[in-house]
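*Asks:* This is what each chain is made of:
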Amino acid sequence: MIWIIPLLPIAGFLVLTVFGRRSPWQFSAGVGAGTVGVSAVLALIAGFTLASLPAAERSVVSSLGSWVVIPGFSVNFGLRLDALSDLMTMVVTVVAFLIHLYSTAFMRGKGDYHRYFAYLNLFVGSMLLLVLGSNLLVLFVGWEGVGLCSYLLIGFWYENPENGRAANKAFIVTRIADAALLVALFLTVAAFGTLDIPKVLASASAAGGSGIVTAIAALLLVGAIGKSAQLPFQLWLPDAMAGPTPVSALIHAATMVTAGVYLVARMHIFYALSPGVQLAVAIIGAATLLYGGLSALTQHDIKRILAYSTISQIGYMFLGLGVGAWSAAMFHFMNHAFFKALLFLGAGVVIHRLNDEHDIFRMGGVRRTDRLLFWLFMIGAGALTGIPLVTSGFYSKEAILESAWLYPHAGPFFWVIGAFGVFLTGAYVFRLFFHVFTGKPKGEGGSRPASAIFYPPMILLGLGAIFAGFLRTPRDLGNVKVISSFLNPVLASQGKESAGISTEATLQIIVAALSLLGVLAAWLGYRRSLKRRGTEAVTGHELSVGGRFLLSGMGADWLADNLVVRPFMWFAGLLRRDWLALVYVGVGRLSVLFHQALRYTQSGLIRWYLLGIGVGVLVTLGMVVFA
Amino acid sequence: MIVPPVYGMVLAAILFVIGLAGLMIRRNMVFVVISVEVMLNAGGLGFISAGSRWGQAEGQAVFLFLLAVAATEAAIGLALVLWLHRRHKSVDSDSARQMRG
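Going down the list, the sequences are from chains A and B. According to our numbering, the stretch in the first sequence is residues -19 to 607, in order. According to our numbering, the stretch in the second sequence is residues 13 to 113, in order.
Next comes chain A alone, as it looks inside the complex (with noise of 0.2 Å):
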């Protein structure tokens, strides 16, 4: 039954590359959609079910026979949907398939639409290999599937080598992290035996924390950083943006880039037995955190603001991680992947509109020409921002934070970066919503109008964004515990349960007038932009030092450049030379010399080729006679 839902997509996949490109681009929206549609009412159908049974009971196994079987070892095509797994299935098929339906319309016309669909399909199929894996096998076919469909929908555009190139960054870089990942997997599969993970998670906490436990922890964060974009793996992520919008919302900000959080969530037992790498995690996650608000700040490009936004974002969740609030961490998952996919869907329809222009300066008066889609992206931006009350990203964040503060290492310096980051985050989202949606319209004003299959997935995704956030409230403002509740019989929360409610108010107030502060600075800013560019399109390049540094991401390009590449590629070119490579080039250059000397026999002269046959006659003909 749960093996339904995963093979749905993946049934579409294979549909769509053998018959689609035959057949009317309706079939290829329809066996699209419709297969993630049919997943996500089965996945809502499976998720409810097991919400209404008995907290002991969440957790259904279904195993579609074995796989490898060896003595002393074996793995089989296992799902598990328990409570953790069963929220990421509701909330990727549901986003999923919300974004299906914008692409069908949002794709028209730009070439390859039946492509675009099976990869979107197969996409939709690993990820949910991914989160239903009920062994590290299965769950690391899903973890290169997703990585696979990014990179061939990163390079969707094929055409353009600037879109190649960028989908080899995200390949390469994320691979490197994988690396990691499989080391860690032979290590438990050495020290436990097997790869089921209900049985891993029993015996490590048998084991208690050592050595392996805490290699295992370290060598599957570094493959979680790397598919998550966390320093120092973040580097792929901002030019990940080169693939279809709505690929961006979906892998590049809803659901791929999470896996790693989700990752680090199934096997929190290891990092709760190795506090140093738990520690790792939060740093990880503070300085991501930090950093992607940073460089948010002056990026010009609409989908790399919200890319740097998403490594932001993704850090919050890796800092809840880090100080051991799981759930949290999940919660904002869940609000995340609502409220950036409807900013990324809503960047799409700018960017349509405005016939496929990226740049915000260049862009002005949006709310003018479309309302409906000014109230959707004021929604995202808010639920980004964590506007307090109203919106889903405010109680995540909080929750995270909340956390962070009662972390016993150095809780309030975390809490501190957190607060620091919302105010950065109502800053960088806001600055591109006023230079987007007010003023005057830029430019040549020419507007390509909008498809009515747009709106109602945003306006779906904006409800999300709004309603998703009410399933946990902190203790002075409700109390609710719908996520935490149902997460809890996975993810036992961590550490103290809290801070007693005055200190938890005072926190919430400084933050909640943090992030109002950060809208405030962004309409300062704004106006004073306005002031000094006048209403002309005017890229960034009168930035001072300190803002082009962040433009570049504060140079990680150019560091990993220098301190990886191109070691690398020197270190590349000195084996190229080495006495093993001479042998293969010998073989090579023997053939090459050979071809060369038979070359003149092949003279198309007939005469030549008879003296041939004379000679090769007599000498014949001498053998018999004389031998």
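These are computed hints drawn from the structure, not numbers from a lab. Glycine residues also receive a C-beta, built at the ideal position from the N, C-alpha and C atoms. Be a bit skeptical, because a hint or two may be false.
[Stated by the list, open to error] Computed from the model, here is a short list of chain B residues facing chain A with C-beta under 10 Å: (1) Leu32; (2) Met36; (3) Ile37; (4) Arg99.
Dock chain B against the given chain A, drawing on the hints supplied.
*Replies:* Here is chain B on its own, set in the frame of chain A:
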């Protein structure tokens, strides 16, 4: 006077070598065809001489077959010459060369 068969064989060998030499040396396709004809008939003479040496009729029977083969060969050879002339405006066999070695 009966010519000894060995003379016939020697004559056949000489004719064959002349034909082969013509085939290798001449570039004019008409002469190439004639050279092939000479070699074929040298072969026929060889059969007849051998048949006479062993007192068997098969040598002469094979020559009758060779006549048919020679007729076909002449037809095909001349057709090739015609094709070559039409295609390259020449009867030089090297003019049909396409491989450059």
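*Asks:* Now, for every hint given, state plainly whether the structure supports it.
*Replies:* Evaluated hints:
1. The interface hint given for B/Leu32 is met, as the beta carbon of that residue sits about 6 Å from the closest beta carbon of chain A, less than 10 Å.
2. Taking 10 Å as the C-beta cut-off, the interface hint given for B/Met36 holds, the closest approach to chain A being about 5 Å.
3. Restraint check, B/Ile37 versus chain A: the minimum CB separation of about 8 Å is within 10 Å; hint holds.
4. Taking 10 Å as the C-beta contact cut-off toward chain A, the hint placing B/Arg99 at the interface is violated, the least distance being around 15 Å.
Consistency note: the structure conflicts with earlier hint 4 alone.
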